[in-house]
Amino acid sequence: MNLVLAPSNYIQEKGLIFKIGDFLGKFGKNPLFLADHLVEKIILKKGLKENLERHNFSFKIFPFSGECCEEEISKVIEAIKKGGHDFVVGCGGGKAIDTAKAAAFYTSLPFVSFPTSAATCAAWASSCPLYSKEGYYLGTKELGRSPDLVLVDTQIIAEAPSRLLSAGMGDSLAKWFEGKPTLILKDKSLMADLALNLSNYTYRAIKKFGPKARKDADSNICSKEVEYIVQVNILISGLIGRIGGKDFRSAAAHAFNYALCGVRKASCTLHGERVAIGVLIQFILEGKKEDFIKKVLKLYREIGLPLSMEERGVYFEEGEIEEIAAKVCSDRRIKNLPFSVDEFAFKKAFLELKNLIKSFSLNKEN
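201 is the number that my numbering gives to position 207 of the sequence shown; each next residue is one higher, with no gaps.
Just so you know, not all the hints are guaranteed correct.
[Stated by the list, open to error] Mimicking DSSO-like on lysine-lysine, the simulated pairs with C-alpha atoms at most 30 Å apart in a straight line are:
no. : residue 1 : residue 2
1   : LYS8      : LYS20
2   : LYS23     : LYS135
3   : LYS54     : LYS182
4   : LYS259    : LYS35
5   : LYS40     : LYS69
6   : LYS206    : LYS174
7   : LYS35     : LYS202
8   : LYS288    : LYS352
9   : LYS329    : LYS289
10  : LYS209    : LYS348
11  : LYS209    : LYS40
12  : LYS69     : LYS182
13  : LYS259    : LYS135
14  : LYS209    : LYS289
15  : LYS201    : LYS283
[Unchecked claim] Pairwise CB distance ranges (calculated):
no. : residue 1 : residue 2 : range
16  : SER213    : LYS283    : 34 to 42 Å
17  : SER213    : ALA339    : 41 to 49 Å
18  : GLU346    : SER213    : 32 to 40 Å
19  : GLU72     : LEU132    : 15 to 23 Å
20  : GLY281    : GLU64     : 36 to 44 Å
21  : GLU304    : SER52     : 46 to 54 Å
22  : ARG258    : LYS75     : 28 to 36 Å
23  : ILE215    : GLY22     : 31 to 39 Å
24  : SER52     : LEU184    : 43 to 51 Å
25  : GLU44     : ARG258    : 37 to 45 Å
26  : ASP336    : ILE215    : 43 to 51 Å
Don't read these hints as lab results, they were simulated from the structure.
Treat the numbers as computed from the prediction; the structure is a model and nothing was measured.
Ideal placement from N, C-alpha and C gives every residue a C-beta, glycine not left out.
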């Protein structure tokens, strides 16, 4: 058994950026921060520059282009070497953090995650999904090393668009809905059983705290419910991904998500939103009862998740659905289900879900 469980330290609190320098000194004095222009404005407005200068740091903020690809990672590595930086801080969303994480790995430098949203568990993970410059998913690189430190400022996350927090809940829910059926044909290891139980806790926590967290995030309120859901989306989901190992895996939902990566019309959607919709398609493939699916649809409504791609303004022609089905069925993740899925079955489930959502939406009680 070879487990890379967790970052060395995880610190989560409101207003943490105002004392960020207190936590970084042990890694060096010349960090490279990777952030896109929007995130750069946020962290500078919050006093990052003043705080670091007070602690005698010399630092550079390198602009992130928006895609975690080999070309971008190479640019960051070049900037690290040119600036003589002694550690790397990834700021922003999942792709920025993953790019910084990979650059730190290839230069053998300490790495710090500073997520400004809780849309994925990338800040925790030791893996790095890689894409082409155009956004097509190429595969996931296992780095074999978790971040040295994760710093989570929940006030910054509460001030981010609430849609991001909801997307994180969609990704977290998939840990339970995708993971459970992948264990059916296996002798569960102790770690996989622990991942199963943690993912069920995640599901229950989102049902309990998710609706209030979304409502508070709409008003940029950093409530205890927002704090709880941030922990669920980053810490607990990240831990599940590590301890689940090769037994407790993703399935149809993530296969659907990655099939849409690089599809221009789907670029307006978030990772967790696509995964959440993929979960619903997987329910149809599994033959879940309509009443059960409608309960999940109701939960989606309560936590701000879309029920379909159409709700995000994305419409597919029949030929496009067939192309998506082909990509999904060629993805290794779909094979983690305890039954085979061909392109016809996936397309049928996609269209069946569309009809179910229509009837659900027409019911005024929902």
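Discussion item. For the hint 43 to 51 Å, verify it against the beta carbon of SER52 and that of LEU184.
Written reply: 47 Å, holds
Discussion item. Check whether the Cα positions of LYS209 and LYS289 lie no farther apart than 30 Å.
Written reply: 19 Å, holds
Item to complete: Below or equal to 30 Å on CA atoms is what counts here, so check LYS259 against LYS135.
Response: Holds: LYS259 and LYS135 sit about 26 Å apart, inside 30 Å.
Discussion item. For LYS201 and LYS283, compute the direct alpha-carbon distance and say whether it is at most 30 Å.
Written reply: With a Cα-Cα distance of about 19 Å, the restraint between LYS201 and LYS283 holds, given a limit of 30 Å.
Discussion item. Need the status of pair LYS259, LYS35: alpha-carbon distance at most 30 Å?
Written reply: 28 Å, holds
Fill in: 31 to 39 Å as the expected CB spacing between GLY22 and ILE215, which holds or is violated
36 Å Cβ-Cβ, so the 31 to 39 Å window holds.
Worksheet item: Can the restraint linking LYS329 and LYS289 be considered satisfied, given a maximum Cα separation of 30 Å?
Response: Holds, because 27 Å separates the two Cα atoms, which is no more than 30 Å.
Discussion item. Next pair to validate is LYS69 with LYS182; report whether the Cα-Cα distance is within 30 Å.
Written reply: It is violated: about 42 Å lies between the C-alpha atoms, which goes past 30 Å.
Discussion item. Taking the Cβ atom of GLU346 and the Cβ atom of SER213, is their distance within the range 32 to 40 Å?
Written reply: 37 Å, holds
Item to complete: Take the C-beta atom of GLU72 and the C-beta atom of LEU132, compute their distance, and say whether it sits inside 15 to 23 Å.
Response: Holds: the Cβ-Cβ distance is about 21 Å, inside 15 to 23 Å.
Discussion item. The hint says 34 to 42 Å between SER213 and LYS283; measuring C-beta to C-beta, is that right?
Written reply: Holds, at about 36 Å.
Worksheet entry | Outcome of range test on Cβ distance (GLY281, GLU64; 36 to 44 Å) | Because 41 Å falls inside the window, the suggested range holds.
Checked against the numbered hints above, the structure breaks hints 3, 7 and 12 and satisfies the rest.
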